[in-house]
Every structure is written in C-alpha cells, then in structure tokens.
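Asker: Protein sequences, first through last, are from chains P and A.
Heads up: the first sequence begins at 4 in this note's numbering, then just goes up one per residue.
Heads up: the second sequence begins at 4 in this note's numbering, then just goes up one per residue.
Hints listed in this document are in silico derivations from the structure and should not be mistaken for laboratory results.
Predicted model only: the values in this text are computed from it and were never measured.
There's no promise every hint is true.
Where chains are identical, the list cannot tell them apart; a pair therefore holds if satisfied intra-copy or between any two copies.
[Unchecked claim] With a straight-line cut-off of 30 Å between C-alpha atoms, the simulated DSBU-like cross-links for lysine-lysine are: (1) Lys-256 with Lys-105; (2) Lys-64 with Lys-256; (3) Lys-218 with Lys-247; (4) Lys-218 with Lys-200; (5) Lys-105 with Lys-200; (6) Lys-218 with Lys-282; (7) Lys-142 with Lys-27; (8) Lys-247 with Lys-142; (9) Lys-27 with Lys-218.
Protein chains: 2
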Amino acid sequence: MKIPLIPIIAFLLAVAVQAAEPAKDFRVVDPANVMLIDTRYGQIVVELAPGFAPNHVARIKALIHARFYDGLSFYRVVDGFVAQGGVGEEEGKASPKWPPLKAEFDRPLGGPFTPLGNADLYAPEVGFEDGFPVARDPKAGREWIIHCPGTFAFARGNDPDSATTEFYIVIGEAPRRLDRNLTAFGRVLSGMQYLQKLQRGNPDVAMGVIADPAKRDTIIRVRLASELPPAQRPTFEVMRTDSKAFAALLESKRHPAPEFYGNKPFPILDICGVTVPVKVISP
Amino acid sequence: MKIPLIPIIAFLLAVAVQAAEPAKDFRVVDPANVMLIDTRYGQIVVELAPGFAPNHVARIKALIHARFYDGLSFYRVVDGFVAQGGVGEEEGKASPKWPPLKAEFDRPLGGPFTPLGNADLYAPEVGFEDGFPVARDPKAGREWIIHCPGTFAFARGNDPDSATTEFYIVIGEAPRRLDRNLTAFGRVLSGMQYLQKLQRGNPDVAMGVIADPAKRDTIIRVRLASELPPAQRPTFEVMRTDSKAFAALLESKRHPAPEFYGNKPFPILDICGVTVPVKVISP
Chain P
4 MKIPLIPIIA FLLAVAVQAA EPAKDFRVVD PANVMLIDTR YGQIVVELAP
54 GFAPNHVARI KALIHARFYD GLSFYRVVDG FVAQGGVGEE EGKASPKWPP
104 LKAEFDRPLG GPFTPLGNAD LYAPEVGFED GFPVARDPKA GREWIIHCPG
154 TFAFARGNDP DSATTEFYIV IGEAPRRLDR NLTAFGRVLS GMQYLQKLQR
204 GNPDVAMGVI ADPAKRDTII RVRLASELPP AQRPTFEVMR TDSKAFAALL
254 ESKRHPAPEF YGNKPFPILD ICGVTVPVKV ISP
Chain A
4 MKIPLIPIIA FLLAVAVQAA EPAKDFRVVD PANVMLIDTR YGQIVVELAP
54 GFAPNHVARI KALIHARFYD GLSFYRVVDG FVAQGGVGEE EGKASPKWPP
104 LKAEFDRPLG GPFTPLGNAD LYAPEVGFED GFPVARDPKA GREWIIHCPG
154 TFAFARGNDP DSATTEFYIV IGEAPRRLDR NLTAFGRVLS GMQYLQKLQR
204 GNPDVAMGVI ADPAKRDTII RVRLASELPP AQRPTFEVMR TDSKAFAALL
254 ESKRHPAPEF YGNKPFPILD ICGVTVPVKV ISP
C-alpha cells in the first residue's frame, strides 16, 4: 500500500504548530472576573462580564472582597427555574453600605458578535460575544445577555433600580421573560451539576423561598480566582466564539450525527442549547 | 404604569370557579399509566401516554411487571441533557425476550389540542393534549410529544426501529432535535428535583456513560401505581389543558406580574417553559 507522505507531514506540522499555540481558539479568562462559589456539593465557577454591567460587577467584587456571602445561603431554589443566594430574609432592606443599583439591563451594540445563524422567538438577533449568549436589537442599538441555563444575574424588587446584594443563577429551561427585565452579568463556566443538587423550595409557597434556614444549603465561601495565590489558582479557558473552532462546533450541532439523526435533520438551534466549551487547567 | 386588569380578573375568576368545583379542571390520571421510579433521593413519577405510542407503553408495562428495572441504574446522566436508565452495558444486545420495537415517532392528528397561542421555532403548531406538550404538522396530518424537561422516551441505536428496554428523561434545556427522532411517550409529573441529584457522567467521555458501576445511582424499583394496594396508592391529578383554568394560567404567564415585569412585557411563551399543574393526593 502506498503511503502519501506529504499530507502526513503537513498534518504533523499542523499538530506541532497547534501544540505550540494551544490557546489559539481559546481565551484565558481574567482571574479577576472568575467567581468561585463553594458549596458542600462542589465548586461553582462563574465568569463575570464587566463589559455588560460595570456597576453590578464592581458591586459583586466589593461584596466578595468584604466576604459578604460567606456563610449565607441559597434560600430560594425553584427546580427548573433559578437558584437564588444571599441574605434572604433581609432582601429588600437596603443597607446603607450596599445601596440600590441603577439597572444595567442592556448596553449599546459593540461586542465581537457571532450570530447563531437562525431566528429566535424573543429577539431580532441572537448570538455570542466572548462566550456569552447575547441578544441584539439593531434598530434600538442595544444588546444584552440572554437568560439561559447558567446565566448569572442580580435579583431586584419591583423597582427596576433596586438590586443590592442578592444573586440568582438559572438552573432550568431558559426563562426568556427575564431578558432585559433584570441585570444579567455572568455565566457558569463549570459546576452546574452542583447547583442542581441544591435543596429545593416549594414554588407554590413564598415563591420557592425555603422557610426553614436549617434546610437551606450554605454558601460556604465566595472568592475571585485572582484572590488565590497563583500556585492554588485554576485557570479557565473559554472557546473563542469568533473562532473557526466555534463555527465548526455550531455547524456540527446544526447537522448532528447523520447516522443517528439522518431520519429528520433539523437545522435550527436554540441559543440556550449551545454550551460554549470551557477548559479547566488545575494549578 | 398601566396594569392590564382583564387577565388578572380572568385568572381570579378561574381560581374561584376551581375552588368551588375542585375536580372540574383536573383529570385523575389512570393509575395503570402512572410509573413510580424509586431512587435514593426520592420518587420520580411519570405519566405514560399510550395514545401516542401504544407499543412502547405496552413494552414498558411488561418490563415493569417483569421487575426488569429493579436494581439497574441511571448509567448515562448528562447534565443539562438527559438521565438514561436501564441495563447499560448490555444496550444494543437485543434480548429474545425484548425484541426491537418499531418506532412510534408520531401519530395522526386527533387529540384534544389546545394551542400555545404563539409561534415555535421547530414545528408549525405547538400546544397541549391531556397535559402533554405536543407539536403538530397539519399538512402532514401528524402530531408528536415534544422533548421538554421531564419528557420520557426510549433510547435507540442508529436504526430507528431499535429501541428495546433503555429509557431516558430530559433534565435540561429542551433538546428539540430529538423530536420525531425518538419515541417520546410520557412526562414527569413529580420528582424532577430527584433526577437533578443523580450522579453525572462526563459528556466528553463515552457520551456521558459512567464507566464505574459503583458511581451510578441505582433504580431501586419501578412500579405502576395500579400495582400498589389502593390504600397505599397516591392519586395524581393533572390540570386539564382544555380547561378555562389552564387558559387563564397561560394568559397569566403571557402577561406576568405587571408590577414587576411592567418594564417590558413579553407576550411570547416557550412551550417547554409551561409546566402543567399536578396535584398529588396521598393515600
């Protein structure tokens, strides 16, 4: 059998180049934007998005530096909807130290937008920016982070400008009615399975708040990765959503395994059904 | 701020009517179609839909009567996707006792269809029949159960007619690409939070199959409610999706709490974001 040497050499060269530049299709996440939430089930890792909501990100960083969340709880956990953490009972009592924030529901267009490639029921355009699921309204010139499973946001009262310290993370079918109604400013990079283990509340009673504090799961501690000594700090890399690798991933999802799905290929994607790949490099 | 009073009044009226006639808007589920799956976290309850896939329902009832699942495991659990249970390793080895089933991906139109009331990305029409989320293609004259969180279905190999004994339940963002590609024939009435606690596999290795059997969660036992003595049998009631109460519920979801969402009401619903209410009456 003849072995064509040229393609093999080309392939080995490509592999060598790739090995030399491992991060080409991935972006290293700034450790100052990596939030580590420890629970008894495991660690939940959130990437914060200061470009979308600078004041909310500044607030949560200040709260983390003050060790505000350590020892608090996930006091409202509604299966298929959200896990909400913070003070709980005190919610709504504005503290002089943490005054209400002005809403940052959306921002002007401008990120490195990669369109999903098909329509959406809720927004004129949807796609990805820096790994975040984003919706855009080109006429209004605005864009915002979509409420997908794993989206991180601040809770608020009826006043749009009333968020203070309470956060939630989406754990179920995308609640798109929340889009642009709350300030979303992050997404879970790893640990969704630990959020799914949290003790649930009864959604029909007090909106799912768990009345008995003893039945709530504790937020053991919250840190930014940048607060850990470099030797103990994990590194997170997110696939660049404007890369060829991501375009290929979208294409493979749009046309999945023909030997299995050949029956009825369905070239439509749900923006919240696409999970942007993440690599974790342990220290 | 204007508050749309009509939907609120309609909803309150519906609730009042319901209080006066408790069973009117609910249907008692036939205990012969109620599947009880016991795990160490709690009991998962599935309503089977023989009208959609009579041969698959007959098969699973035969498997339950044979105590086939007792002591087997959830061997493939992919966070945000599905929890799959059954034999595991032996999957694909057709047993002479449980030969491959012909696919029942869809059926002719005909159920008591209640439209959701807005468009869908994947099907010409979506709505509800007897509490199940259903899609329809009026031109083709076919309808099928949608893959929403909680949808129960049989796994298969590449051959569409190869399902035997392995089942899966959707535990994440609706994987609509599976619609009409697998036979869906039930939905979870209660216990989603227990499915969410199941030990996960690594989706990047062997499609999420958990290699070490010791790390898999056991299916302790599976029974039909009709197999239990009446004195030990819970009763399940599902809101009739062709009732006024359900129409009012859809309306209230389409126009949620104006004092909170007033900022940007968004009258579009995701078929998989609507959970049909279930009452459990303990024996």
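Asker: Against this structure, judge whether each hint is valid.
Answerer: The hints, checked one at a time:
no., hint, result
1, Lys-256 with Lys-105, "between (38 Å within a copy, 27 Å between copies)"
2, Lys-64 with Lys-256, "neither (36 Å within a copy, 34 Å between copies)"
3, Lys-218 with Lys-247, "neither (47 Å within a copy, 37 Å between copies)"
4, Lys-218 with Lys-200, "both (13 Å within a copy, 16 Å between copies)"
5, Lys-105 with Lys-200, "neither (33 Å within a copy, 37 Å between copies)"
6, Lys-218 with Lys-282, "between (34 Å within a copy, 24 Å between copies)"
7, Lys-142 with Lys-27, "neither (34 Å within a copy, 48 Å between copies)"
8, Lys-247 with Lys-142, "within (28 Å within a copy, 39 Å between copies)"
9, Lys-27 with Lys-218, "neither (46 Å within a copy, 36 Å between copies)"
The structure fails hints 2, 3, 5, 7, 9 (numbered hints given earlier, in ascending order).
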